[in-house]
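Assemble chain R onto chain W, guided by the hints.
Going down the list, the sequences are from chains W and R. Under my numbering, the first sequence is numbered contiguously, ending at residue 396. Under my numbering, the second sequence is numbered contiguously, ending at residue 396.
Since no wrong hints were added, every one of them can be taken at face value.
One copy or two, it doesn't matter: identical chains are merged, so the pair holds either way.
Below, computed lysine-lysine pairings styled on DSS-like, alpha-carbon distance capped at 25 Å:
#1 K65 / K5
#2 K377 / K347
#3 K377 / K293
#4 K5 / K153
#5 K251 / K5
It is worth saying that the hints were derived from the structure and are not from the lab. Fair warning: this is a prediction, and the values are worked out from it, not measured in the lab.
Number of protein chains: 2
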Amino acid sequence: MDWAQVFASRQSRMKASEIRELLKLLDQPDIISFAGGIPDPALFPTDAFSEAFADIFSTAEGQQALQYSVSEGYKPLREWLAQQMGEIGIPCDLDNILITSGSQQALDYLGKLFLSPNDTALVTWPTYMGALGAFNAYEPHYDRLDPASNRTADDYRATAEAKGGAVKFAYASVDFANPTGMTMDRRERQGLLDLSEALDIPFIEDAAYQSLRYDGEPQPSVLAMEIEKRGTIEDCRTIYCGSFSKTLAPGLRVGWVVAAKEVIQRLVLIKQASDLHSASLNQIAINRVARATFGKQVDLIRKTYSARRDHMLAALEREMPDNVSWTRPEGGMFIWVTLPQDIDGADLLAESLKTEKVAFVPGRAFYADSANGNGIRLSFSCALPDKIDEGIGRLGRVIRQTSAQT
Amino acid sequence: MDWAQVFASRQSRMKASEIRELLKLLDQPDIISFAGGIPDPALFPTDAFSEAFADIFSTAEGQQALQYSVSEGYKPLREWLAQQMGEIGIPCDLDNILITSGSQQALDYLGKLFLSPNDTALVTWPTYMGALGAFNAYEPHYDRLDPASNRTADDYRATAEAKGGAVKFAYASVDFANPTGMTMDRRERQGLLDLSEALDIPFIEDAAYQSLRYDGEPQPSVLAMEIEKRGTIEDCRTIYCGSFSKTLAPGLRVGWVVAAKEVIQRLVLIKQASDLHSASLNQIAINRVARATFGKQVDLIRKTYSARRDHMLAALEREMPDNVSWTRPEGGMFIWVTLPQDIDGADLLAESLKTEKVAFVPGRAFYADSANGNGIRLSFSCALPDKIDEGIGRLGRVIRQTSAQT
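For reference, chain W alone in the conformation it holds in the complex (with noise of 0.2 Å):
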């Protein structure tokens, strides 16, 4: 059958990355990669993992933990959050939280709830490339979220319109934002939320990776700074999106989403449709882990990771050419490097994979529009030190090459 004919007019907006397929080819052993936005596995509290399944299974709780179970999620764990949350200028409740499939599945909830085709969603450039596949699902266009940029809310409202719909939310990851490692300061949070009010729009603050920072100065989430200023939650449009991926362990897909209560009761009734809830057993077996490790676990990630970045810097400082620049993250999992305008990311990895076997992201696909083609992103969190400097040092003479070809 002609299955094209049937499918619903969002499929034009769903393809293959082809970026990805590229990245097929990183199975290859001799392959140095820092591509990969995943977490060090050999980091993951494993043992204690393995503890909470063997305790689970020794009570009646095994049971629990394979029944079906409300779409809100395992209310001990969301307890847990409840008071996690407050610790860092977040006080809510229990019905403020929603249990998600990680923060992915939060970030097409929230293009559900918000977006119909031709509405406008507010995002950095570049962004995490995730939330764009998330959002393109619901047909939205895309304009720059940049409160420096001085342009109106009446501007974004009229670029909205002429497109169709109206601004629906403002998207944004503050704290060593995937795919750059920056972090935005108090002063540019505030202009985030100052935007979202005069535009009468949610707030989505994507904090996957807040707890991940190393030094620097910490900086509030955008949400308690709201709080702070409005009193409670319940008078707030900033919706915070929360993950155990990079702190506990991504293969069991919990994740969090904190809001007013309209919005979570809404989410709920989008759970509950969509996959009824999250796996009982592993919000069971993260609330024991977390309730267990989460302090000592995020300890030693930090002391890990931040001594890759540093090698990573020190190797980038050594290796590229005067006309590379890079970004120096305060935490997080990744650097930014921005080519030589004439040198296009992808075009890059593509000899890269041929001639030096090193493999990064190309930045092209982290840009709703797709324009910025000469910044690739570098993953450190699984980078041993020799493999950063071999690594490093194939990268730079790589650039060296195309630089000298173009």
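Here is chain R on its own, set in the frame of chain W:
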């Protein structure tokens, strides 16, 4: 902030169910409930899961189980499923299978794949309430799937066009369906295929209960019938949705879709954008437990549930007034009771919870047009014999009282 002004138009279709509110009363310990559509947790292969988790964490597989994995799903599990599918007349390979977080998620993804606003989905009257919930997010209209009605393909097409879209798929559960318990015979299944072919649309076969046959003549899967005719799954329009929720454990959220590769490739992109992948650990555990115990487990469930079905049918025979009829399912978890025309199931539930403390699900929510109110769904999967006798006795009383008043 005024949230309603930023919600997507689809939000008007995603409402909290009044029934769910009513059913929250079920926590009262003195209520006898035939409402929940859940499996009996006492039958879960809890020991097998306990062993599987212990084994996984005793090797390097533990780390792998906590890491990100591919959107398609865990390869050994897809291999086992391909073999199982082959045994029921569905020869296929790995690339024809996507692992989903329960078959509920498959329904959400299929709505996302096919439905643009104002398109039409064909569903049976009544149908699985959760399918309507999943599809509603994509703002379709519904038309009645009834191959026996002699409506022509042109008539279905014209009806859909008048509503501003096209017929995009037909959906049905053909084995011991939720809520009726009814099974379609080979001729009826052929009717579904013929109509789908005449309309040139996919047919979605919801096989959630397919393994749970207790007696009667075995029927081929609709996809198996189509493969028999066309020779290869690649030429088939049927999309098969399976689930481990009724056989192994719902709390792990593992289901699967089997279809032509072109469909699976699209669904993989949808999965990537919506939650990256189903939990790695859960797929690894299900693979182990399925290989070790699936057949034995299905035998145990069949034996237990069929005795409960028999017990409930006998009680209905004994306790129901003459103006009430009910289905006699050959499998699954449900019996559908048809009340006198003038009794509404929701009214009966309200009365029943007040005076007799017996619960069930009123039938209106299973109808896409909400027109039929005099059906109710009884579940026997978790009902022990003495509770069945007592509960059906109470139900008979409240129906008699309500009949007398109307």
